[in-house]
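Student: Got chain A sorted already, so can you dock chain B onto it with the hints?
Each chain, letter by letter, is given below.
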Amino acid sequence: MSMFRKSTAHVFGWFMQRISALFLVIGMLVHFWVLHYFIEKPITFEKVVARLTSPGWILFDSLLLLAVIYHGLNGIWNILVDYNPSGVLRKTYGWILFLIGLATFIWGMATLIPFTAPV
Amino acid sequence: MKKIHSLTELKLNFNWGMIAFVLHRITGIALTVYLFLHIYTLSAVQEGAAAFNHSLDKWDNFVGHIFEYLLLLAVAFHLFNGLRVTFVDFLRFTRQQKRLLAWAIALTVVVAVISLTIFIPELTI
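Protein chains in written order, with our numbering: chain A, 1279 to 1397; chain B, 884 to 1008.
Think of the hints as simulated: they come from the structure by calculation, not from any bench.
A few of these clues could be false.
[What the hints assert, rightly or not] Capping the alpha-carbon separation at 30 Å, the derived lysine-lysine pairs in BS3-like fashion look like this:
| id | chain 1 | residue 1 | chain 2 | residue 2 |
| --- | --- | --- | --- | --- |
| 1 | B | 894 | B | 981 |
| 2 | B | 886 | B | 981 |
| 3 | B | 941 | A | 1319 |
| 4 | A | 1325 | B | 941 |
[Unchecked claim] According to the in silico footprint, chain B covers these stretches of chain A (three or more CB under 8 Å from chain B):
| id | segment |
| --- | --- |
| 5 | 1293-1300 |
| 6 | 1344-1358 |
| 7 | 1372-1386 |
[Unchecked claim] Here are the computed distance ranges between Cβ atoms for each label pair:
| id | chain 1 | residue 1 | chain 2 | residue 2 | range |
| --- | --- | --- | --- | --- | --- |
| 8 | B | 916 | A | 1384 | 10 to 20 Å |
| 9 | B | 974 | A | 1362 | 24 to 34 Å |
| 10 | B | 919 | A | 1316 | 21 to 31 Å |
| 11 | A | 1331 | B | 899 | 40 to 50 Å |
| 12 | B | 973 | A | 1316 | 27 to 37 Å |
None of the values given here were measured: they were computed from a predicted structure.
We treat Cβ as the ideally placed atom computed from N, Cα and C, and that holds for glycine.
The shape of chain A in the complex, shown without the other chains (with noise of 0.2 Å):
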């Protein structure tokens, strides 16, 4: 039973590595061309903040935010996992990029979030 639910748990894994992927493909693709080309250079603090304003944009950096970091730590996670590292060793490095992810998610929101609502 253990065994099973291991191998589905990486089964999980490889299929969230490709459905984040579909998605950062679109999606950065737009981060890239609304930063690079819609928005006119420099990009300063009160062009960022006239994107912010719409929910939309709120909801699609956020989205990207989590989607990046999931990608990011996952393929990280494939890495160490393709050198074949005890149980311990494992959970270890699972739990290490998971709060990794939680702190880059939160820094990262404390850094969208000031955009949004600026004093």
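Tutor: For chain B alone, kept in the frame of chain A given last:
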């Protein structure tokens, strides 16, 4: 059994798929590291608008734009090769994987060349 160094192995049994595999990992790690740098640069906004503008301004120089170009190359390769991997996995394109790799490399080169026309004028800053 004698341990064969991976570089020796690559020389004895060369294939582009292995190069793509290694490049996908290297660009993947580099882009994840860049994510932290990216948030760090933008997080200057927590100290106000002026601090944010100053933080972005620090990258508006020769080294910054070279770095930006390398970033684009890494994203382009990782994106096109990642699409190849996804096509092979989801759409059973296993038999076409070599041709897809040629496409991924070709599209990366196209992006690299086109973006040069944008980056070279900026380099003179």
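Student: So, for every hint listed, does it hold in this structure?
Tutor: Here is how each hint holds up against the structure:
For the proposed pair residue 894 of chain B and residue 981 of chain B, the alpha carbon gap of about 19 Å is at most 30 Å, so the pair holds. As the CA atoms of residue 886 of chain B and residue 981 of chain B are separated by approximately 29 Å, the hinted pair is consistent with the 30 Å bound. A threshold of 30 Å between alpha carbons decides the hint, and for residue 941 of chain B with residue 1319 of chain A the separation of about 14 Å falls inside it, so the pair holds. Simply put, residue 1325 of chain A and residue 941 of chain B have alpha-carbon atoms about 18 Å apart, close enough for the 30 Å limit, and the pair holds.
A count of 3 residues in the segment 1293-1300 of chain A with a Cβ less than 8 Å from any Cβ of chain B is obtained; the coverage claim is therefore met, three being the minimum. Counting residues of the segment 1344-1358 of chain A whose beta carbon lies closer than 8 Å to any beta carbon of chain B gives 7, which reaches the threshold of three, so the coverage claim holds. Counting residues of the segment 1372-1386 of chain A whose CB falls under 8 Å from any CB of chain B gives 3; the rule of at least 3 is met. Look at residue 916 of chain B against residue 1384 of chain A: about 19 Å separates their beta carbons, and that is inside 10 to 20 Å.
Checked against the given bound of 24 to 34 Å, the beta carbons of residue 974 of chain B and residue 1362 of chain A, roughly 30 Å apart, stay inside it. Between residue 919 of chain B and residue 1316 of chain A the beta carbons are some 26 Å apart, a value that agrees with the proposed interval 21 to 31 Å. Between residue 1331 of chain A and residue 899 of chain B the Cβ separation comes to about 47 Å, which falls inside the hinted range of 40 to 50 Å. About 31 Å separates the C-beta atoms of residue 973 of chain B and residue 1316 of chain A, a value consistent with the hinted range of 27 to 37 Å.
Consistency note: the structure conflicts with none of the earlier hints.
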